[in-house]
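Q: Here are the chains, one letter per residue:
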Amino acid sequence: MRKPVESVEEFKTRLEEISSTSGYTDPIMFGICRDDMGTMDTNAVLQSTFLVTNIRANLGSAKVFRDALEQEVVEGVEKLSNVVHVSDNELVCNIDIEFLENALATFNPYVEEAIGDQHLNVQVAKMLKTIHDDMAMNPQNMVPFGSGMVTYRIVFIFNDAPVETVEAGYLKLYALSEGKSKLRTLNLNGLFGLLTNCAWLEHGEPVELDMLRDRAMHLKALGRYPGITHVDKFPRMLQHVIPADNTRILDTSKVRMGAQLAAGTTVMPGASYINFNAGTLGAVMVEGRISSSAIVGADSDVGGGASILGVLSGTDGDPISVGERCLLGANSVCGVSLGDACIIDAGIAVLPGSKVNITLEEFNKIFEANLDNSHVGEIKKLVVKHGWKMIEIKAIELSGFNGLHYRLDNKTGAMIVKRSTREIVLNAELH
Amino acid sequence: MRKPVESVEEFKTRLEEISSTSGYTDPIMFGICRDDMGTMDTNAVLQSTFLVTNIRANLGSAKVFRDALEQEVVEGVEKLSNVVHVSDNELVCNIDIEFLENALATFNPYVEEAIGDQHLNVQVAKMLKTIHDDMAMNPQNMVPFGSGMVTYRIVFIFNDAPVETVEAGYLKLYALSEGKSKLRTLNLNGLFGLLTNCAWLEHGEPVELDMLRDRAMHLKALGRYPGITHVDKFPRMLQHVIPADNTRILDTSKVRMGAQLAAGTTVMPGASYINFNAGTLGAVMVEGRISSSAIVGADSDVGGGASILGVLSGTDGDPISVGERCLLGANSVCGVSLGDACIIDAGIAVLPGSKVNITLEEFNKIFEANLDNSHVGEIKKLVVKHGWKMIEIKAIELSGFNGLHYRLDNKTGAMIVKRSTREIVLNAELH
Amino acid sequence: MRKPVESVEEFKTRLEEISSTSGYTDPIMFGICRDDMGTMDTNAVLQSTFLVTNIRANLGSAKVFRDALEQEVVEGVEKLSNVVHVSDNELVCNIDIEFLENALATFNPYVEEAIGDQHLNVQVAKMLKTIHDDMAMNPQNMVPFGSGMVTYRIVFIFNDAPVETVEAGYLKLYALSEGKSKLRTLNLNGLFGLLTNCAWLEHGEPVELDMLRDRAMHLKALGRYPGITHVDKFPRMLQHVIPADNTRILDTSKVRMGAQLAAGTTVMPGASYINFNAGTLGAVMVEGRISSSAIVGADSDVGGGASILGVLSGTDGDPISVGERCLLGANSVCGVSLGDACIIDAGIAVLPGSKVNITLEEFNKIFEANLDNSHVGEIKKLVVKHGWKMIEIKAIELSGFNGLHYRLDNKTGAMIVKRSTREIVLNAELH
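Chains as they are written, first to last, in our numbering: chain A, 3 to 433; chain B, 3 to 433; chain C, 3 to 433.
Bound-form chain A, shown alone (with noise of 0.2 Å):
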């Protein structure tokens, strides 16, 4: 076991010491998980919870935590013991009362006030000694029908590269849904392949399909067989984030975990979902979807059952962003990016190929609307030139402008694009 630390000024050589220490990286993220093991393959991590996380941040906890895993030494090599997965990008680790007590040794001048919201690492060292002593390290007495065995490890994120381990992907997932990471700014490649599609319980409980076959008729027969919430590869953003207290789920199913909701967004329980790697930037009324990848900003209205396409259901493959103030009016379909202060009626689907007409008068009032934008300017020259009176454009070409309105001519059933009643707010740097 180390020696424990008796001072902060020792502590910070201590932390010097295990910087220098050959082969030591520091993380961009890190944080210590509860794994839900399966019982029909051991070795499959069902979900990763995470006690706390560390996104680009705590780097003195990073050293303390590396430097307590224990060494062995193989073949007259020193190597750590309980690796689960190591690469360049990765590192999974169990962790066990010899990390606990090596790390609470030197987090030793913090231990004490490691209370509320101060030192929240090596609050979970202490809890995790605690729940130790009291049960001898065995916390699957305790938990309930279903979760097989539990597994306590240590994970370090190295670089930001497709995803090797279920724990590294549920930290990258936190990283989105506690908003400490931006939506599409990680690497998810690889995930859905490490998952295991589960069924999962009222708690959150994830079972094995093949677990539940196998006892299924004993259930059945008791009256137990169990409540299952849903089957799928992911939880719900709500088994494992807490939102703002202004952030309102009226339907826990319709956000799934690695979706990002900023304070104040409300999420109606109609037509309404958030896919992972997606969400909103500010207080947004969602009653319609935001799929994968796709981003609505802020003080913007995504109407009842209005779907936003994702990449992987509707574009090709660059994705949506909806900027602020925009209103999708209820069970309109939105297929190109939108910048602020953009209306699209209800009822009407704008894709990339929808064919719109716009007067020259209203295109004049949408170039004001677009002065930073230089695609507006190539679109003006073309105007200009031609000397036409309705410009008739593709949707995908208007993609990202300010202050667009979508609607419906009803008597000749063309679409047609004006300049939105709502205001654009200008950068105010820039003018």
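Do not rely on the hints blindly, as some may be mistaken.
Chain copies aren't distinguished; within one or between two, either way the pair holds.
With a straight-line cut-off of 27 Å between C-alpha atoms, the simulated DSS-like cross-links for lysine-lysine are [as the list claims (entries may be wrong)]:
{"hint": "1", "residue 1": "Lys-357", "residue 2": "Lys-367"}
{"hint": "2", "residue 1": "Lys-128", "residue 2": "Lys-81"}
{"hint": "3", "residue 1": "Lys-367", "residue 2": "Lys-396"}
{"hint": "4", "residue 1": "Lys-14", "residue 2": "Lys-382"}
{"hint": "5", "residue 1": "Lys-131", "residue 2": "Lys-396"}
{"hint": "6", "residue 1": "Lys-184", "residue 2": "Lys-128"}
{"hint": "7", "residue 1": "Lys-383", "residue 2": "Lys-396"}
I should point out that these hints are in silico values taken from the structure, not numbers from a laboratory.
Dock chains B and C against the given chain A, drawing on the hints supplied.
A: Quick look at chains B and C alone, frame taken from chain A:
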């Protein structure tokens, strides 16, 4: 303690005495509730569960309960003790064993026969006394995780003014969801501001988000993090109110507390949602959204994904009513009121400003179906005056008309209105 | 009690004896179930949970079970005892320890090897006997709140006639949801009328609404009012049937018992719903509604909020099939059958009466993609005869055609049909 009343005659005399007490006022609603109190903010009422509600009814019991509240002498003046909130509009008091004993003493002639459907207020008093005796009024022993303290209170509402307490707000929501008050007739102003945004657990227990934050690390480490059904200021209707035997709600999340479903209504689990102060007046098939303040008449069908816009989300303060025997097609949008026997075809968005075409022939049929409606006569005068063969009009002008069929002319894309094939049932008293 | 059968040969002989018994008929389906009985109406079967189902299979076990039912002599005639319902179409009997011992005596040569996937009916008999021995056939001791009495029954269906008992109805729903009977091939008439509208609790227990009413005040006072997942006549599919390993259902409420999901189907939680006797024939992405009786072929995509209309809700009795490799765009409505490789663009409602335009060039491509379909030939004759350059036709005339692409001409608002860009896979045997 009050002396036991010995006979029905004495009971009546007693009520008259109470009525004539200085300051006594009959309430318009009252009832006894069980409050789930906050754990972080121990004064916050997270939820009020009414054991029985009295809506413009049972004034005898109101008198008994009012009388059973203890008085104390403060600065020489006799005052109610245990008052939580008092104003001209509302009175909320904690109740205790003295209150129950006082009430039961006055209710004495009815205590024996208070079973089944009889004397529900007497039953509540009996039952609470039994619970008290069983566990020395210490019910929090038995409360599941997260519910914090519990308090029993009595609530009187004297005037239908803006809501002043959580309890009064819940009593009004009960009045709506139990069908005892008509939709859109109660003053719900102030309600949103009074309610606490909570996480709701699977048995309907509200938990403060801060409390979850406080305990999340520990609960997660132990595998005891709770299942959360939703995060909202409101519970769902099914947590408080039992629907009629022939009413079906295929997903609890789809009906908010304060919605009203007439007997025979079916709510499907696809894209449907019924907000508070919205609902149905008869057997309605609901596969779409009935937004706050919208009402749908008997024998109508709100198709899959159809949206009826609400006051807060798409219309300008004039709440939408849909009549009887209407059909809102799949993914249609209804932004204006409809009379009886109307149809909006699948996929069509009827907004107040939508321009529609009506042939003279169809207009004349529509005129015949709306003889009670003076506005149709005004339009007819214009039609005759100008000799129009085709009437071009905004949908808002047709608001509330019977027998309309909103369609698309697929050849021209124009929205047209015909007389629907549905029968109008005329008011026998008028015709 | 039957004498134990000592060898496989004796077992075969025994089965032949049973077959030749007067009145013995092979069932088309049979199985042993656990019934949740009503508490208010103790004869009402609220739910039947089958421990194993036999759909046109395992007739040997059928013979053993039929034989194991006790006979008694009534008015000089030998009759089955324990009969709950008997007709030419169905036989439902209570089972007891004598039944189990009789069945196990006959199954004797297989009892040892009845584990894992082997001899499921023998396993059921063994298991129920163990349960009986453990608690003197008194399982209601262990039943959670609200489930009332429990009964074990055996059900035989001889003819696929209208449903006569709840048990037979459930057995047919299992046959559909387990994929053992094809969709739309079973007679489900009468089922709705037999089922009781219940409140369903979180572990899948049905509770009569009257029972809830009876106990609501007491349960609420104690903070023990149960969590209700839905109020319906049907349970959800996931309460009874375990989907394939690569099938995902992101919200349990979205799939009713009696729906059928082929392996690889994904059901998203936005606006999707799959009713009973409806579903998928291969891996399908479902983000919309598959109404009762509608079927979707492999590799198709039902976009967010898309509606496939059902027999009960928008079409006239001719159920809709969608072929393979089809795409129903977000918020589209599909009111006619589609062949393979069709597309309906986002937001378009294709109803039987929708008028569509097809250019001659596109029509000829569509003709080539439907050589197996005689109706396209009839249309072609008309086109040639009249020399049409533009074909104007109702969508219902194109029902079941391959390779259609329903689009909007945004300039004119007209609905048009082109040959889709999707490949048609020709039937190799025919071409």
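Q: Please work out whether the CA atoms of Lys-357 and Lys-367 approach to 27 Å or closer within one copy, between two copies, in both situations, or in neither?
A: both (19 Å within a copy, 24 Å between copies)
Q: If the cut is 27 Å between Cα atoms, do Lys-367 and Lys-396 qualify within a copy, between copies, both or neither?
A: Classified as both: same-chain Cα gap 18 Å, cross-chain 26 Å, threshold 27 Å.
Q: For the identical chains here, do Lys-128 and Lys-81 meet the 27 Å Cα criterion within one copy, between copies, both, or neither?
A: within (26 Å within a copy, 52 Å between copies)
Q: With identical chains, the pair Lys-184 and Lys-128 could be close in the same copy or across copies; at 27 Å between alpha carbons, which is it: within, between, both, or neither?
A: neither (31 Å within a copy, 57 Å between copies)
Q: With 27 Å as the alpha-carbon cut-off, assign the pair Lys-14 and Lys-382 to within, between, both or neither.
A: Close neither inside one copy (62 Å) nor across copies (86 Å); limit 27 Å.
Q: Is the C-alpha distance from Lys-131 to Lys-396 at most 27 Å within one copy, between copies, in both cases, or in neither?
A: neither (62 Å within a copy, 71 Å between copies)
Q: Could you figure out if Lys-383 and Lys-396 sit no more than 27 Å apart (CA to CA) within one copy, between two copies, both or neither?
A: within (17 Å within a copy, 37 Å between copies)
The structure is inconsistent with the numbered hints 4, 5, 6, although it conforms to all the rest.
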